[in-house]
Amino acid sequence: MSVFLMMSAAAAETAHGGEAASASLPQLDPTWWPSQLFWLALTFGVLYWLMAGKFLPTLGGAIEERRDRIADDLDQAAEFRRQAEDAEAAYNKALADARAKAQSIAADTRAQMDEEIAGLQAETDEALANQLSAAEARIASMKADASAKVREAAADTTRAVVQTLIDEAPTDDAVAKAIDAVRA
Amino acid sequence: MIDFRAAGPLEQFEIVKLVDLPLGGIDISLTNSSLWMLIGTGAIILFFVFATRRVSLIPGRLQGAAEVLYEFIADLVRDTIGSDGRKFFPYVFTLFLWILVANLFGLLPTFPGAPHGLHTFTTTSHLIVTLALAMLTILIVIVYGFAKNGLKFFKLFAPSGVPVWLLPLIAVIEVVSFLSRPISLSVRLFANMFAGHIILKLFAGFIISLFGAGGAFALLGIFPFLGTIAVTMLEFLVAALQAYVFAVLTCIYLSDAAHAADH
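From first to last, the protein sequence lines stand for chains A and B. Terminal number for the first sequence in the working numbering: 184, no gaps in between. Terminal number for the second sequence in the working numbering: 1263, no gaps in between.
If we strip away everything but chain A, and leave its shape as in the complex, we get (with noise of 0.2 Å):
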């Protein structure tokens, strides 16, 4: 309680002095209002002439310019992530094309070496073939050959054998017919 009576006493104390310098508020009193209003009217014309004719228009300019900046560099950003997509879009389908292009050439020389093979294959079994075919004439000409040399030396035989049984050479017909009859 004692604070608050104190307290009130240094107002009264202060609150008195205030009274002594001047008698009332200084606000009201029109002696300065001239100069107040010139000073105003000076200093704020001042402050608005340079805003708005300099320092606004420059830091307007300069945070325009960032903001143009950035949607400029969001807009080339987006250009290239296009462009990156273009070139993997590229990149797949040449990928892709060589990939067929591989399989088709693939594909071809297989073809071309089945058919090279065949061919080969071909030209081998014919000749085989015909070496058969002609070892087969061969031994049947052979074949023939021998049997004549044989049916001859039995010729020979069954002369000589006549000629010592009967001393009569026989003709060919019937030695001919008698070899045949023994043959069949």
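Don't take each hint at face value.
To be verified - Listed below are the simulated DSBU-like cross-link pairs for lysine-lysine, each with C-alpha atoms no more than 30 Å apart in a straight line:
no., chain 1, residue 1, chain 2, residue 2
1, B, Lys1201, B, Lys1017
2, B, Lys1017, B, Lys1087
3, A, Lys54, B, Lys1201
4, B, Lys1087, B, Lys1152
5, B, Lys1155, B, Lys1087
6, B, Lys1148, A, Lys54
Derived from the structure by calculation, the hints contain no laboratory data. In this text, all values refer to a predicted model and were calculated from it rather than measured experimentally.
Knowing the structure of chain A, use the given hints to seat chain B on it.
Below, chain B alone, put in the same frame as chain A:
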């Protein structure tokens, strides 16, 4: 020894002539009030000169701070007035900064032992200053209102959607409210500054009185001391808030003028 108690709570508002400057019968002498207007305005100009000296895409600290202020007021003007507000942006910006710096610089401590005329002075603690700023705003509102809307500006006093039988009453209320705008606008700022500085002075006076009383009372001086600190912090808030309030209300009044015909 300086007698601290000599200064009353009203003495801080006294105007002291520093340089005599009569202009054809009108006394426009440089006073402590003029000095603090010059200091405040000079500080703002200096700040912006350095902030905009080398404007770059990546702002430095000063440019960044200036841009924050710019965007703050630009957003306020855009949100309140709309696209018509663009041309009022420099005015609202200047108004806000001038008042903000006047309020804040008034809270600077006085250099101990400085002559009376060089004590810290709050230019916005004088009604004539705030009234002039409020009248300027209202003048712009009226001139712009008539230039933009012609006689439809009077629709401001007859809001649409009001029943006809109620219209006379509403119109009278609207006219009175319009006429009281410059008064409320100026008195709000003046009274806040005036009262804040008186409270500061009284609390500070208690410290001196209690300390002068000596003994146990000297120890009690800690309470008004803490009070002074608290009020000082509060006054910084009030200083910024009142500058903002003045700017916001200016924007709202300008918005009324811009859109009076659509009411």
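* Which of the listed hints are not met by the structure? -> 2 and 3
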